[in-house]
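> This is what each chain is made of:
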Amino acid sequence: MPYYLDFSPGMFLVLAFAGYGLGAVGALAFWKHPRGAGWWSFGCAGLAAVGGLLSALSALTGAGRGAVCQVELPSLIAYIPLTLRLDALGAFFVLVVSLLGVAVSLYSLGYARELEGRKSVAALGAFYNVMLAAITLVFAAGNAFLFLIAWEVMALTAFLLVSFEYEKPETRDAGVLFFVMSHIGTGCLILGFLLLFQACGSYSFADFHNLGEKLPPGKRDAVFLLFLVGFGVKAGLVPLHIWLPAAHPVAPSNVSALMSGVLIKTGIYGMTRVFFDFLGAPPNWWGVTVLAIGTVSAVLGVLYALMEHDLKRLLAYHSIENIGIILMGLGAALMFLHSGHPALASLALLAGLYHTMNHAVFKALLFLGAGAVVQQTHTRNMEDMGGLARRMGWTSAFFLVGAAAISALPPLNGFVSEWLTYQSLLQGFGTTESLIRLMFPIGGALLALTGALAAACFVKAFGITFLAQPRGEGARRAREASCSMLLGQGLLTAACVFLGLCPILFLKVLDPVTQQLTGLQLSGQLNAADGLVLSTGKPEAGTISMAGVALAGLGLLLVPLVLWLALGRRTKARIGPTWDCGQQGLTPQMEYTATGFSKPIRMIFKALFRPRREVQREYDFSPFYATTIRFESHVEEVFQTRIYRPLNRQVLRLSRRLRVLQAGSLQAYLIYIFITLVVLLLFAL
Amino acid sequence: MPLLASLIFVPAAAGLACLPARSRRVMAALGGLACLATLALGVALMGRVLEQGVVTEWNEFLCADALSAWMVLLISVVSLGASLYAGRYFQRDLEAGAVTFGRVREFFVLTPLFQTGMFFVVLANNMGVMWFAVEATALSSVLLVALYNRRTSLEAAWKYIILGSLGLALALLGTVFLYAAAVGPQAHEKLPSFNWSHLITEAPRFDHGLIKLSFVLALIGYGAKAGLAPMHTWLPDAHSEAPSPTSAMLSGVSLKVALYALLRFHILTTACLGSGFSRHFLLGFGLFSMLLAAPFILVQKNLKRMLAYSSLEHIGLICAGIGMNTPVTIFGALLHMGYHALTKPVLFFAAGNIHQTFHSLEFRVIGRGVIKVLPVTVLFMSLAALAAAGMPPFGMFLSELTIIRGGLEARQTAVSILILAALLASFCGLLQQLSRILPGAREPGPDGGARRTDGVLAMGLMLGGLVLFSIWLPAPLYKLIQQTALILEGKS
Amino acid sequence: MTMNAPTSTEIGAQLITICAAGMLVFQLLLVVQRMLLTSIRLFALQSLLLAAIAGIIGYVNDAPHVYIVAVLTLIGKVLFLPWLLDRQVRRIGITQEIKPLFSAPTSMMLCGGLTLLGYVVARPFTVLERLGNNTLGVAMTLVLTGFFLMINCRKAITQVLALLAVENGVMLAAVALTTYGMPLVVELGIFFDLMVAVMVLGILVYRIRESFASMDTDKLNQLKG
Amino acid sequence: MNLNPIAIVLQTVLLLLLAPLMTGLIRNWKAKLQNRRGPPFWQPYLDLIKFLRKDMVISEHASWVFRAAPCVVFVSALLAGLMTPMLTAQAPLSLFGGVLVVVGLLALGRFFLALGGLDPGSAFGGMGSSREMTIAAIAEPAMMMAVFTVAIGASSTDLSQMARASLGPAWRLFNPAHVMAFVAMFIVLLAETGRIPVDNPATHLELTMIHEAMLLEYSGRYLAFMEWGASIKQLVLMTLLSNVFLPIGIATVATPAALALSALAFMAKLLVLAAAVVLVETTNAKLRLFRVPDLLSAAFVLATLALLSTFLFR
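Residue numbers (this note's numbering), protein chains in the order written: chain L, 1 to 685; chain Y, 1001 to 1492; chain W, 2001 to 2225; chain Z, 3001 to 3314.
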């Protein structure tokens, strides 16, 4: 299909790539003018993202929805066709990335101002554009070659962006860890794709469709595992997640937002693509594995998040949690496909994809908020923050919406997708007679645990960061973020609310995706009453209407209003000091800390965290009147200390041992050759 | 115009013309011009080969087919880069008093001779002549390795010459056996010719036992020169101690030229035996080299040695790719040869700048934050390192993928997985090591050492070429590589 | 062997066998020898035998260009190189190889094994030999033991000598396996290469002695890992 | 849309009025059981009116979150109440959400309650928030499991539907699954409403209070809304227990007779539940904070057993 000015998804997509390209090149052209570089690159990125948005929306809605849009770009290397192929699944993910692209680019316009003179805005802008383009290309690639190239370019730019503040050793290590893990994942992907290629002799995704049925079972399982690991690394599944909490926090915050929002979603995209599109009818254990890993990731992710007092690390751990929740949906969908319940599978898939969108929106929102906070306070340590709600009112409000959404509180979007997940798990209980079905309610219970812990975590994150008195100088001096930064956050906040209140509208957009993957369109069935009430397909099985809840809540505000008018109209509010037990006023040191806040959880899950604490007191007369107390508390990251570090040590030790081979002695070298010679001579006889 | 002869004479003349030269500038200019000329000749040769298939001159003494033409292109490109870089490099060395003018002249005389030797290797029709051309490259390069006359460089040179000469003695024995195999049991008269063009037509009639022996000896002999493990032990020493332009030449093409000689034996052996005898050896040694290189990269303490091990890795990959012996893998391996030739010199040039600025190649001594002192160098180095590690959009990603893909296509799954694993491991090593020195905070040091723009031309040219050919493989080049692959498959 | 071979061929064959055996003997002596000057003489004698073999082949086969090889060997390996090495050794003033890797008895035993290996490798091809019996075996043995000599000794000069001994083995294989020797251009190339190689080695030995005040290659072990 | 405005208003009023009554009753009975006179059971009404009329002192460190919290707590509890069936099986707002939304709304209230506790910057508030969120987090799986048991039986998460489905022949109410789920849910009720083995609603002892600690800085009408919200939440949870796990007598049709019967049954069940709470509160001591997980995990195990028994003892 040619890509003239026909207002097709393909045209918008090509325009989007052109926009990102212009943004990247232009940013470099403005190397010496950071202001110009910022405006140009983020402006271009924003416009290009709008192009991507249009492309995705026109592919998913309107007359030709669900049609596969294919664009052949001219390729300069004979054996690599540059095929863009936007089907419904790809278009949905392009929608995710483009939506975030618009908001984050808007935010970056203001965010980059602060970097001027300190870091190269041009480099940031250029890499930012390339990363967005690469992520979009990952979703729009039509063959494995192009996909892998886009995948690696994405990893590369993400690495460069993570290493943006390369002066800090922490950043450097995080970048390397990210890149190494990512590359190992890519290795698995390469192998997986090549195994698929081996089976059909083509790289085209169109030819991979349902290819799994032609593979022998053993190989098919191998492909499944390879892709699970390969995409799992990028998605941050436990235990492949260790790069994520290291890398996301150190990147510039707009990049963190994109990384947590969409970069890790490329893993979800890949799994959905491969498991549902390529591999055909799944055996039961695939779904069980995915569901189990998802559940474990969700619980462990949120537990580790609770232990963090680095605001951005905390958010990064929450990404692991949410990826787990998404995978619970996907895993359940796989299990339903196996047991022959396509409608349920579609529901579970919808839950997963909906949560993908939601997580992208609220996590980006939270990272943008955290970015604004970090920019003002110059620290990521929550223990030095506080009191920001009074200083950064809008940012705190936006962050609060994000926090409520990620904690799955009604009436926001996080609740809707988790509700869908619960529903699919509940209904899944009846799909099979085997004991495996216990996984569904247990998964649901753990999902509830996850949600409640997430709420605890965000009470901590919001409460310690934004409420009470400032604990540090940076927080004391904080000012409201700039206008464009607020606009970017506001856009995402609006998206959070919209996705919560009007799920049916969004589910309509998802229809072509489920049509493609399971052959069913659900939005009609899920629509219970005029588009505002969402059901699970059977209205008697439960309905929700977040719009209704919100409206009813607003209506019920009448009750306090009436009570106030009736009884307390003449009351006055006086500002006074907080009760300080008769001391000389409260100081910030007396406030509850983030570490203190999560201590009960730390003690309850002692077995997992293996907390260590060191207390040193110095006192003059009595140990009860210490002059100084130093308190240190550590939580062990089990996967690092028990798996990765020993592994790393072993590899290094083995490598050092091998160095003996090259000990500098010419005699030894001659002996190597001599032995080779003798062996080969005997061999050649 | 006698293309082949000029290819040999132009650099030789440039080298000899440097003998009486008094000025470094003049010598550098001469070298550069000669390289430009050979590059032009190489391109012309490519056209001629594509047109005629085989080009011969001097009564078939010189002969070039697609494989030779491909090698000629690589040699000229890397030499051009090295000569562009060498001028300023030695100026800095002279300023720092690291070398005397006599030594610099030695470099500018020997490098073109080294180049001549390599051209001779790939253009010689006679297998015996090819042998002594390889020996000539070894002898000219060993003095280059010893140029700094430091203790360590003498040690490296000594190891290089001893292991190299011994290897070449074995290769000579292999050549002798090849001759004997060609003569066969019946003939009592002289072999009509020991020329490649003759041998390849007669190959199926060779004595099987002798050709096997001959290949094995050539494998060890030329393999030692090509740096295949376990004969590679000289390689990190020589690469790390030589002046950076020489390191670039050694790693960029010299290894491949030796491999070329080995491949000629491989083709003959395969043509004679018609079985996988030689390819399995290539595959085995290639894989072994790759797997051995990875841990050494991971715990290496010296920048240039690490780069040398990376070369070992790449040579291993090329060898394994050819050893897998499917059209796709051979194509990938040849492509990889080209991309590696464009990439590795950039790394060595950057390492040269770093060496001259920090007066050491030890990671520990260099410390972190090189980017603050040499931003441009670090930019090029990072890009080249990413390319060498196999990241897209650089071409090595494609060539590596092609090789693995070919392997899987031909059901050599285990081998492909091993290759992939080794590549992953070396990627991790390279990234981990370079991240120790390149990023980080540091105060810009005192003046001296490389300036910001030093070597930009050479590095930019090579890297630009890499990027260009990564995204655009011109049709003639593509055809040339395909024809070369056909030769290696034994189907030409 | 043709049935109606002229007598000169048979005589030639026997002479060649004897000379080859002599070369082997000199090689073994070289392995156990510690005095550098003696080693150089032994090498000269071995080369002389090689030249003789080349001469005999030239005569028997009436191949004038093999004479050239013989003459070149005579001039280069019997006269020039020994003189050059001799001068080096005298200049440096070290005359003894110290503590080789293996003791003399072990060396001899290992060399015996290598001889066996050489013959095993050469056995399938003895039918191909034009003149002499088992010359190819001797050649292989020379290569292998030369290699062993290189491993065994630690002085730079001895290593050069070992390299040359390996080269002798290769040349012997060349004349043993081919009626007329290699093409002349190859032979000439090899010869000049050898000369240049020894020159380069000489330069290096000189420089090493300058820097290290020794020609003990054990000291060359700074480059590791 | 089957939204009945009259039902909504009626149930709102019922919730508002009944909630302080339950709190007062429990307090009064508890005092009686402890041989004290105790406040009269209508004391909470008087308190609320008093609070509403009083001036407020607001902490100087507090932000807008502090002011928003009482409204959110109050409204979310009311909303949750409107989704639970009280007198008729058909809850007024059941279209807007079932048990999951109720749980979500309670979580929303708790979220803001905890934030309100943190905002003034007092250490007590922080401590209370921390403990409240912790206990809620570990109570949540047990609650969800218990809910699932009933929901799976009814194959619906709609509370009205669940009540109707449980409303079968009387013997089905006493199947082991429901009994165990009921007990689990009762433990969760104790935890969620801050009752004795978990929290002591009567104490203002600094280190043991949880819920009270968060309210420490609230005064005047904000305190009224907070307290009222807490009462409503307690009522909602008790209603859940009585009407979903034990829906005897609930009206399935809106005839006056059925409604009257339903009201009687509902009150009776609430009183029994309140009595049970009082009994537990007087006979037990408060658990140490780190022992609470044991209790709640027992609830979780019970709920899991309940679920297992739905298909093991069929």
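No wet-lab data here; the hints were simulated from the structure. Since we're looking at a predicted model, the values are computed, not measured. Do not take every clue at face value.
[Stated by the list, open to error] Sample of chain Y residues at the chain L side, in silico, Cβ under 8 angstroms:
#1 Val1216
#2 Pro1295
#3 Phe1427
#4 Cys1428
#5 Pro1439
All C-beta atoms in this analysis are idealised placements derived from N, C-alpha and C, irrespective of residue type, glycine included.
> Hint by hint, which ones does this structure get wrong, listed from lowest number up?
Structure breaks no hint.
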